[in-house]
Structures are given as C-alpha cells and as structure tokens.
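Listed below, chain by chain, are the residues.
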Amino acid sequence: MSKTILTVDDSASIRQMVGFTLKQSGFTVVEAEDGAKGLVAAQKQPVDLVITDLNMPNMNGLELISKLRELPAFKFTPILMLTTESDDSKKMAGKEAGATGWIVKPFNPEQLLKVISRVLPS
Amino acid sequence: MMTESYHKAKSRYFDPYLKRWTVKLLPGEYYVCRDEEVVATTLGSCISACIWDVKTGIGGMNHFMLAQSELGHWGEQTASTRFGNFAMEYLINELLKQGASRNNLRSKIFGGASMNTGGEKIGGANINFAISYLQTEKIPLLASDTGSDYARKIYFDPNTGEVKVKSIMDLPNDTIAQREKKYARDLEKENNKEEDVVLF
Chain A
101 MSKTILTVDD SASIRQMVGF TLKQSGFTVV EAEDGAKGLV AAQKQPVDLV
151 ITDLNMPNMN GLELISKLRE LPAFKFTPIL MLTTESDDSK KMAGKEAGAT
201 GWIVKPFNPE QLLKVISRVL PS
Chain B
-5 MMTESYHKAK SRYFDPYLKR WTVKLLPGEY YVCRDEEVVA TTLGSCISAC
45 IWDVKTGIGG MNHFMLAQSE LGHWGEQTAS TRFGNFAMEY LINELLKQGA
95 SRNNLRSKIF GGASMNTGGE KIGGANINFA ISYLQTEKIP LLASDTGSDY
145 ARKIYFDPNT GEVKVKSIMD LPNDTIAQRE KKYARDLEKE NNKEEDVVLF
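Respectively, the protein sequence lines represent chains A and B. Position 86 of the first sequence, counted from 1, bears residue number 186 in the working numbering, the numbering being contiguous throughout. Position 109 of the second sequence, counted from 1, bears residue number 103 in the working numbering, the numbering being contiguous throughout.
Hints were generated in silico from the structure; no laboratory data involved.
Derived CB-CB ranges, DEER-like:
| id | chain 1 | residue 1 | chain 2 | residue 2 | range |
| --- | --- | --- | --- | --- | --- |
| 1 | A | P221 | B | T50 | 40 to 48 Å |
| 2 | A | A112 | B | K2 | 19 to 27 Å |
| 3 | A | D148 | B | W15 | 45 to 53 Å |
| 4 | B | K158 | A | K175 | 53 to 61 Å |
| 5 | B | K175 | A | S125 | 29 to 37 Å |
| 6 | A | S222 | B | K158 | 57 to 65 Å |
| 7 | A | P146 | B | S161 | 51 to 59 Å |
| 8 | B | K147 | A | L171 | 52 to 60 Å |
| 9 | B | K147 | A | E163 | 37 to 45 Å |
| 10 | B | P134 | A | S166 | 30 to 38 Å |
| 11 | A | P146 | B | D29 | 47 to 55 Å |
| 12 | B | N122 | A | S186 | 23 to 31 Å |
| 13 | B | H1 | A | Q143 | 36 to 44 Å |
No more than 27 Å apart at the CA atoms, straight line, and that leaves these computed lysine-lysine pairs for DSSO-like:
| id | chain 1 | residue 1 | chain 2 | residue 2 |
| --- | --- | --- | --- | --- |
| 14 | B | K91 | A | K190 |
| 15 | B | K2 | A | K191 |
| 16 | A | K190 | B | K2 |
| 17 | B | K91 | B | K18 |
| 18 | B | K183 | A | K191 |
| 19 | B | K49 | B | K2 |
| 20 | A | K144 | A | K103 |
| 21 | B | K49 | B | K13 |
| 22 | A | K167 | A | K190 |
| 23 | B | K4 | A | K190 |
| 24 | B | K91 | A | K195 |
| 25 | B | K13 | B | K147 |
| 26 | A | K214 | B | K183 |
| 27 | A | K123 | B | K132 |
| 28 | A | K137 | B | K91 |
| 29 | B | K18 | B | K115 |
| 30 | A | K191 | B | K91 |
| 31 | B | K132 | A | K137 |
| 32 | A | K167 | B | K91 |
Quick caveat: nothing in here was measured; it's all calculated off a predicted structure. Beta carbons are placed, not taken as given, at the ideal position from N, Cα and C, and that holds for glycine.
Chain A on its own, in the form it takes in the complex:
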C-alpha cells in the first residue's frame, strides 16, 4: 500500500509541484492550503509524513507542527518544513516546535525525495 503524504502550502503552484513529484514516486498525496485546513486533513486518514510551508494564513507551519505533535497519531510522524525562510533562528523555532527537518526553497525535486527516503520509516 502506498504511503500517504500531507502537503500544506498556501501557494497552489508549490502544492502542484510537490504533489506532482510525490505522485510520480508512488505516494498518495493529500493537500491543504493552510495550517488550519492541514490540521483537519491530518485527522481524516492515516498520514505517514507531513510537508508544510512556514508562512501561511489562518495557522502557520510552526503552529501546525505544535498542534500535530499534541495528537498521539503524530507523536513520531516525520514532519518536514519546506519554506523560503533560511534564518537559523527560524530553523531553531522549527526544531523546538517538533519539525523533523527543514528544506529551503527553491528545492530540487530529486533532493526532496532523497530527504523523504531518509526520514520515512520503511
């Protein structure tokens, strides 16, 4: 059975690009356009990995990660930040919120898949 990845980004172009890359590699993709919708989507089916943007309306990526980590199902789920932000202070805030990794855009689709393979339990 294919693994399910939740992608959360307010940019439709990024959702499209990430979704295309993941589907090509055999993943099932669930999309949400902000943190609040991502939190709802995360609880509708089992999710194996989350990829989220940082700056989003309604609920940003850090808040989303903190709220997901409070849910028993997401205690150990890998969560990757995929963002234009590269400041070390922001990366530290991501780590404290419970992110598994931080990828700075513009990302290379192959590299994204490599990072996923490193954090996703087989």
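Got chain A sorted already, so can you dock chain B onto it with the hints?
The following block gives chain B in isolation, referenced to the frame of chain A:
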C-alpha cells in the same frame, strides 16, 4: 541568505523627473514597499511581475528568468521552473508579510523579449511561466506588455499599480544582454548547488 541569485534590491536614487525615490532592480532582485517609492527596472528577455494589494497600497516587483539546464536545453518542467516559482513565491510572501491580503492582489507582467543574445526561446518561456503561475495562484493579471524583440524600461508605482513602460528600440550598448547572461550563469551554478537541508 535565501539563495545567491535572488535578493532584495539595494540601489535607490532620487529621480528628478518623477520627483520620487526610485528603487532600481537588477536581474535576480525583488523589492516590496508601501511608501511613496517607485520601482524601476530594464528588461530584455527577463520578466518582471508587478503585484500589489489594491486596498492597502502595498506592492512589489521582481525581475527573473527561468533556469536552463547545463546544455542550454529546457529541462523537465519542474526543474526549469523552480527558480521562477521561487522568485514569484518570495515576492508574494514578502507582500503578505507586510500586510497585503492574497485576495486583494492584482498583477501586471512585462518583458520576455526575444533578444538576440543566444537564448531567443527564454523570453517566451518566461512569459508562459509567469502567466501560468498567476493563473494557478488566482491572482488577476490586469495588463501586460511582453514579447517582441526590444528591451523595456518600466516604472512601477506600488501604491496605485500604475506602470509606465518605455520601449527601447535601439540599445546604446550591450549592458542589458551582459547582465542577463551573467544572471543565467549564476542560476546555472545555483541549479547545481547542494540543497539547504537540515535534519534535526
């Protein structure tokens, strides 16, 4: 720093004709403001998106082109457009951070000429990318002046969305072509660089 080939504009001067402070964008730069500034740039095959919030008067402009593969051919769609996506997303994120609302954003695009600089197809690809990106993001495109084979100098008023375009039929020198070539080389280097990835 986000990437070496994309950063905030650094050059600002007082334009005696416009009687306004004017920020000059070079290839790979962006600028967002809510003050009484004008943002100006000169485009060959590169493209600039002017995006502003019609209610708050916060606006900004970028100046970019898509990356080509090492061999000068267009790579896979995702690979060639990733810097374009980045240039657009970065501009939109900065607008939102300064208080713009996504629903109030409007856009205009300029440039994408087929300049005789060895990369005639770049201009058209840049135009197609920008139009498609704005459609996907549902940001209305109110006006554009793109294509053909001449350079353009544009002045964007972020408060009103007004853009003045000066067509440059006879270039006095090859400064624009050289700048764009250097930028294309920088993008190529960036394309081959290791990703900025941290695993905690």
